[in-house]
Amino acid sequence: MVDEQSQQDKWNAVRKDKGTKYLAGLNAALKNKPEFIMFVDGDDYLHKGLVEHITQNNQTYDGFIIDKGFGYKLGSNIAYEIEPFNLSCGTCNIYRAELFTPYLEQAIFTNQQTILNSVDDFMTYKILGSHKHANELFQCSHAKFQYVPFAAAMYIIDNGENDSGINQVTFKARTLNASIIEDFALQTRPSLLLKRYQELFRYRFKASIKKNRNTLLIRNLVNIKQKLTNQDLRQ
1 MVDEQSQQDK
11 WNAVRKDKGT
21 KYLAGLNAAL
31 KNKPEFIMFV
41 DGDDYLHKGL
51 VEHITQNNQT
61 YDGFIIDKGF
71 GYKLGSNIAY
81 EIEPFNLSCG
91 TCNIYRAELF
101 TPYLEQAIFT
111 NQQTILNSVD
121 DFMTYKILGS
131 HKHANELFQC
141 SHAKFQYVPF
151 AAAMYIIDNG
161 ENDSGINQVT
171 FKARTLNASI
181 IEDFALQTRP
191 SLLLKRYQEL
201 FRYRFKASIK
211 KNRNTLLIRN
221 LVNIKQKLTN
231 QDLRQ
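In this text, residue positions in the sequence shown follow this note's numbering: the first is 1, and each later residue adds one.
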């Protein structure tokens, strides 16, 4: 059995490290007087229409939360619809920059300890140390925010560097289609292997509808499975 206190200590250490690093980066970014701030993991992808959406709504909202998105393993032909996305991936929150001003006015950035001593724990641990509580900052700041109405980010999974994982949220697999590839500028294309899997699923679906051991359907399933194991289908 995992000791609950040790787990809590582990996550507090992660949030402490992440929160202070984000505060240092935020302090540097605010010197350029940006209108909005978004923290983006270096290996995640954003929908090509996200910036346009924020620009069109920047007079209405002070923040945006991406609660719909995809999980994707590079090189595969399957995407996972993840919802709520903001509980799985840190690339999910967009804030009006001025929301951070009250928390950084007295901040001292000499080292990590001075940051911890001079910035409210709410900001360090809960808002920047975690990505799951952005709505609380918006609410306590009386700021109007919007859940982005489309799948606006893609979480790269199985890269060995993710702490959150997708086991905390609802997700379902779907084939990688041309629309997803274009929206996220993925450097990939549906393969022959994917087509075989699509055939396999289609025949299985037909077989389940018929609810009998149709000889032709069974033969087709066997043939497709054999093709899937063929070395020539490997990419």
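The hints are simulated quantities; they were obtained by calculation from the structure and are not laboratory data. Backbone N, C-alpha and C fix where the C-beta goes; we use that ideal spot for every residue, glycine too. There may be inaccurate statements among the hints.
[To be verified] Simulated restraints, written as ranges between beta carbons of each label pair:
1) Ser6 <-> Phe122: 38 to 44 Å
2) Glu136 <-> Glu182: 31 to 37 Å
3) Ile78 <-> Phe122: 35 to 41 Å
Here's how the hints hold up against the structure:
1. Ser6 <-> Phe122: 38 to 44 Å: 24 Å, violated
2. Glu136 <-> Glu182: 31 to 37 Å: At roughly 35 Å between Cβ atoms, Glu182 and Glu136 fall inside 31 to 37 Å, so the hint holds.
3. Ile78 <-> Phe122: 35 to 41 Å: 39 Å, holds
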